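Student: Each chain, letter by letter, is given below.
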Amino acid sequence: MNNISQFTCPPKVMLRSYGVLAFSAHPIPATLILIATFFHPIVGLMGVVGNLISNITAKWIHANKEAWNAGVFGVSGILIGLALGMYTEQTFRLWIFLIGGSIFSGILSVMLGNFFSRYDLPILSLPFMLIIWLLLLTIGVAESDTLSLTTIPFVKSIDIWLFNILPLTLFEYIKMFGNILFQENLISGIFVLVAIGLYSRISLLYGLWGGILGLITYVFIHGSLDGFHGLNFTLTALAFGGFFIVNNKHAFIFTSFAIVSTGLVDLATIKVLNAISSESTGDLPSLVFAFNIITLIFLFPLKMLPQTIDNLRLTPIPLYLIRSPESNIKWFRRWIGNKAKQKTIITFPFIGEWTILQGNKGEWTHKGIGRYAWDFIIRDERKHQASGFGLELTDFYAFGLPVLAPAPGTVYAIENQIEDNLPGEAVTDRNWGNYVIINHGNGEFSELSHFKQYSIIVVPGQYVQRGDIIGYCGNSGRSPIPHIHFQLQTIPEIGAPTIASRFSEGIINKKINVECIPDKDDSVTILNIESKDEWSLLGLEGESWIFESQGRFGKQKEELSFSTDNLGLPAIVSTDNRLWHLIDRPSFIEIRPDFKTYPSLLNNSVWMNIIGDGVILPKKLVDGFKWHGGKVYKKFNYFIIEIANIEFYIHSDSGLEKVINKKTKLIFERIKIEKLKR
Amino acid sequence: MELQFKSELTISESGFLFDHSTGLTYTLNSTGQFIFRKIQDKQNAMHILNFVMQEFDVSEETAHKDLDDFVRQLKEFDLVSR
Amino acid sequence: MTEKKAYSKPTIIRHSVGVQNKFGRPPATVPINRLDGFEVSELAEKYGSPLFVLSVKALRDRYRDLKRAFSTRYPNFQIAYSYKTNYLKSVCSILKQEGAWAEVVSGFEYDIARNIEVPGNQIVFNGPYKSHEELTRAFNDGAIVNLDNYDEMQVVEKVASELGKTLEVGIRINMDLNDPPWHKFGFNVEAGHAFEAVKRAEAGGKLKVVGLHIHTGTYVDDVTIYSRAAQGLVNFYSYIQEQLGVKLKYWDLGGGYASHNTLHGAYLPAEQTCPTFDQYAEAICPILMSGPFQAQDAPKLFIEPGRAIIDEPFSLITSVVSQKRLPSGQRGVLLDSGMNIMSSVQWYRYNFQSAQDSGTMLEDTIVYGGLCMNIDVLQASSSIPPVRRGDLLVIPHVGAYNISQSWQFIYLRPAIIAIEDGEVYVIKKAETRDYVQGFEDVPGKFITN
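Residue numbers (my numbering), protein chains in the order written: chain L, 168 to 845; chain V, 767 to 848; chain E, 168 to 616.
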């Protein structure tokens, strides 16, 4: 580890710190904020220095990597720089205070961050508040009229021009947004508003509402607009306006309460500060104290009681991953996606015959959002799970057996380090133990858990085929006896809600089922199909299907028949011997290009599930494929595939060829069944 | 035919037999112990047979054969002499 | 008059001092007086002695355990039961019922399989001597045939010409795995013969190599030998796939799995040394899974167990005929069974367990078989409680080779019964003189008036 790298901070992280000020994670708003701080160039520079030093300090003391990358630890540094620049006289020793303060800010941010993360609370700009008051008390706030800030002349003139043309209230209203950066000019207000609103309408509206409600509150309490600072109001509005909580009408009411409360706290703060201010210290500004306090106080009960408050929902992803209220709503919809219908075709994730311990809606741990999950064990003839007395893990038949990928996809995350419990014991803090999460590329994820310690043989990013061994069954996590836990879910987080899932063809209690939803105590196994028998199970061996397409020029026919190729793999052959390959089995027809020729298509395969209700095709393809959505209907004996604007390109040596033209409605009807002779 | 023990033998309640002269030890089952005690009492073979039939639920034929075998064994082990 | 005491034969046992019994095994003191719920004495009375008894439940359990151990570790697995171990029709039928294929090594055994309606394509035909007719029949039936030597390969090529089609065959290979290595069967891998054989088979144009067969030994209780065999198979497959483009449909690891009978000279009893089915599976399957194929195209894995499945379920009920005291002082007991029906005493130290409560006093005994041959000794030294003529003994784990290798010598061979679900079935009647001499015809010339 290079010593130098400990003391660097990539520009994008610094930029992100600016974005945090406007509750935005995107680079463009962050840039706008950055530019706005430079309206008073020296102040802007102080902001940059504060940012850099805080971030580096935080990195140096090993701040949480992901939070650091999101720019969280630079925020207070920026604010210290801006505040010092705006409120005190420019001297040489000011810069010493800036550097010292930024270092403290970095350390304090990490300290508070570690402490707050236990309650999953954000640190906001609390470190800034604690440090800036100390600094200002020490240095002394300068009189606003003695403060001579160099401003970019351009800014100044536009400001004056706007002052003249806009009504005063509006001028003050927009200027209020610039207060976030401690600035008192309209332009920065506009910059801030644009930064907020660029990627989120909701945030913008809440910000504006915060300003209005803040004004009303202030006038109501104070009596007049005198000395109005809208800073805390807008920040509180932005925090609760769909950022930390998901936006809905209850959130709106809640936010409004928070805004009003902020006003009260702010006024109180000012009174207190006035009391302790003196000639030497100058007038200490209340800055963003009220916002920090109110946000934390209002957020804390929500975090502590997340399940019981039904209408107010916390954003269901880690703090540093929050992007905008709009994306929160999207995540939230996916979070409660137990109404989601299964899209992935899954097969049993093991070899041989296993028994269901808990199925969907099982009694013990499968409840609530986790209820559509499966637990598999092995029982012998005597209904025992182990030989002998089952005192050792190795007595259990299931322990150490291969676990397979239930569907093709990319490995999203793994955990491989956790120890296996002794039989009968189960830890409850790392519930899932060793786990693998697989991304199937269609918005669904498989989660398999309780693997044996160090037994997982795939790594994140690796592509797995259906049936590939991904690890070995163990007894880690909340598992008293060795078993495989499997669930299908909508987001790739541990403990995410499950989707009702059913397995495709398999054998339940020795009977073949085309679709499997086994019950507790059923014994199940994958249908073991040998290549040339593959078709016979569904009655398709040697059969051919004739596809009729109705185009502008009348009917066109295509005959596809099922056989095996010279490697013994099942294949689909069209009438003039263009070979289509089958790669992902089970024996539902899933046609994929031969991946030897198109390795880049691995994650973007074109495959059609003809037996089923959906056509599963990726949105962005390479090499000439385009897909604009479509549907497959199954009706008794025939399938209708309705596709608009699709172009299939299939090359003759690899088995892909252009099939239809755009804007054609295809009706695939099973007209006759023929047995082919080989 | 009288039977006589050749050397100093001590037998315990549980049928554990110790030969002082050779230092060897033996185990007898309950029937064996019964017969042993009768020999100690200087009974002759015919009488022992009657005793056994009185004491145990056994036919004469079986008892006779088994007794012969037992005595043969005692002689094998060099515990009795004629 | 007091009640008479219960009688047991008087015994005196001398305690041996000094050297421990070198086998150090706890003596078998527990009497077996019931088999599968039936009193041994009743069975002997009704069906005679000696009597072979098959516990059908034990057989099904052994099969299912073996199947579970392997089928949960390898996706395409099939047991082919080694008929030569015990080819009783009932045994083969029960195993067929459980899903086993048949592994046969002669036309005779092939016939047995077909006779109980094992489909032709569920037969694995091995062995160093297969005749032209047998091979033709096998290929017509779709059986799996593993070739042992070049002469056989030539015959099969001829069959291919006659049938007018390319025949799919397996090649029997051997590796230097144990000491001494088995070189009698198949082609040796290390010397390069196996590769040459595959090459020659493919080059002839009439055959297609789709399988490999290896059989490491008999009563192999060291699972690492199987691991090495599996690794050797994987390496060999990779080589022939790369060099010759061979794609295997199956590989056959043969038999040799141990049972719970203890070999002569073994230091520890088999209960402690016999690996479990899971241990065998764990030693074999993960290695095979690393072969050059995708999991969905794994070649079918055959194993050919014999004694591992069939030894334990069989017991022999036998009666004590006489007993004596040898000059050495050792007790001798003579039974009505002999090596004619217990030929595997040549390899195993069997337990002889009393079927009645004969007490717990065990004595070192030499067990004689009933044949009028001095070599007919079933066990030179065994700890047996006191018994007398007419007492019954039970010898457990006798299913492998004793029946199929039995001699029709001096005595007629005994009946065989099977017990399942509280019912007794006579699966083979005791032989009669008529049956044994049924094929004899005495020319009149040999009969004087």
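Hints may be right or wrong, so weigh each one.
Derived DSS-like pairs: lysine-lysine, alpha-carbon spacing no greater than 30 Å straight-line [claimed, not checked]:
#1 Lys416/E x Lys804/V
#2 Lys841/V x Lys171/E
#3 Lys491/E x Lys467/E
#4 Lys332/E x Lys831/V
#5 Lys550/L x Lys467/E
#6 Lys831/V x Lys366/E
#7 Lys804/V x Lys491/E
#8 Lys332/E x Lys677/L
#9 Lys351/E x Lys550/L
#10 Lys677/L x Lys416/E
#11 Lys677/L x Lys366/E
#12 Lys841/V x Lys172/E
#13 Lys678/L x Lys171/E
#14 Lys841/V x Lys491/E
Simulated from the structure, these hints should not be mistaken for lab results. Quantities reported herein were computed from a predicted structural model and do not represent experimental measurements.
Student: Taking the earlier hints as the rules, which of them does this structure contradict?
Tutor: 1, 3, 4, 6, 8, 9, 11, 13
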